[in-house]
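Chemist: According to numbering that gives the first Met the number 0, the residues represented by the sequence shown are 0 to 147, in order.
Heads up, a few of these hints could be off.
What the hints assert, rightly or not - Okay, derived cross-link-like pairs now, BS3-like style, lysine-lysine, Cα gap no bigger than 27 Å in a straight line: (1) Lys23 with Lys106; (2) Lys4 with Lys140; (3) Lys23 with Lys140; (4) Lys50 with Lys36; (5) Lys23 with Lys109; (6) Lys50 with Lys109; (7) Lys133 with Lys23; (8) Lys4 with Lys36; (9) Lys106 with Lys36; (10) Lys36 with Lys140; (11) Lys106 with Lys50; (12) Lys106 with Lys140; (13) Lys4 with Lys50; (14) Lys140 with Lys109; (15) Lys4 with Lys106; (16) Lys140 with Lys50; (17) Lys133 with Lys50; (18) Lys36 with Lys133; (19) Lys133 with Lys109; (20) Lys106 with Lys133; (21) Lys4 with Lys109; (22) Lys36 with Lys23.
Bear in mind the hints are in silico, worked out from the structure with no lab data behind them.
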Amino acid sequence: MENNKEILNDLVQITNDRIAGYQKAIEELHVEDTDLKTLFVEMVRQSHRHKAALVQELQVLGGDADTGTTTSGKIYRAWMDIKAMFTGHDRETVLSNCEFGEDAAQKAYKMALEADGLSANLRSLITDQQTELKASHDEIKALRDQLV
């Protein structure tokens, strides 16, 4: 059970990273990038839904959800700031940064599903969320690929 709590908290943290990353991406967009702003707002909403479901399962297990982000997520967002100083906030850069974040989320979900002792209920929840995140990843990648 402790392992399940740890896995859920890891996913809560990566979801917090995703929320912070898309909020940062929204700030970096140009005024004419309304299509991306709309998409990124939906990604934030999706993340909040995922987080709520993860937190609910943590509470069922008697655990408390982490409220922070991962150290690597903080480092990545700082790197985004530095990179933006040199490359600007063009669509391709913003989408590339978002794709990098989506890759990290996919990796975290894959690791969670490979963990031993994951209950069937949690495995189902995590698989469903991973599927949604994969679709989001593919959408971001497709938009980025259109610009390359």
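Chemist: Go through the numbered hints given earlier and state which of them the structure violates, listing their numbers in rising order.
Modeler: Structure breaks hints 2, 8.
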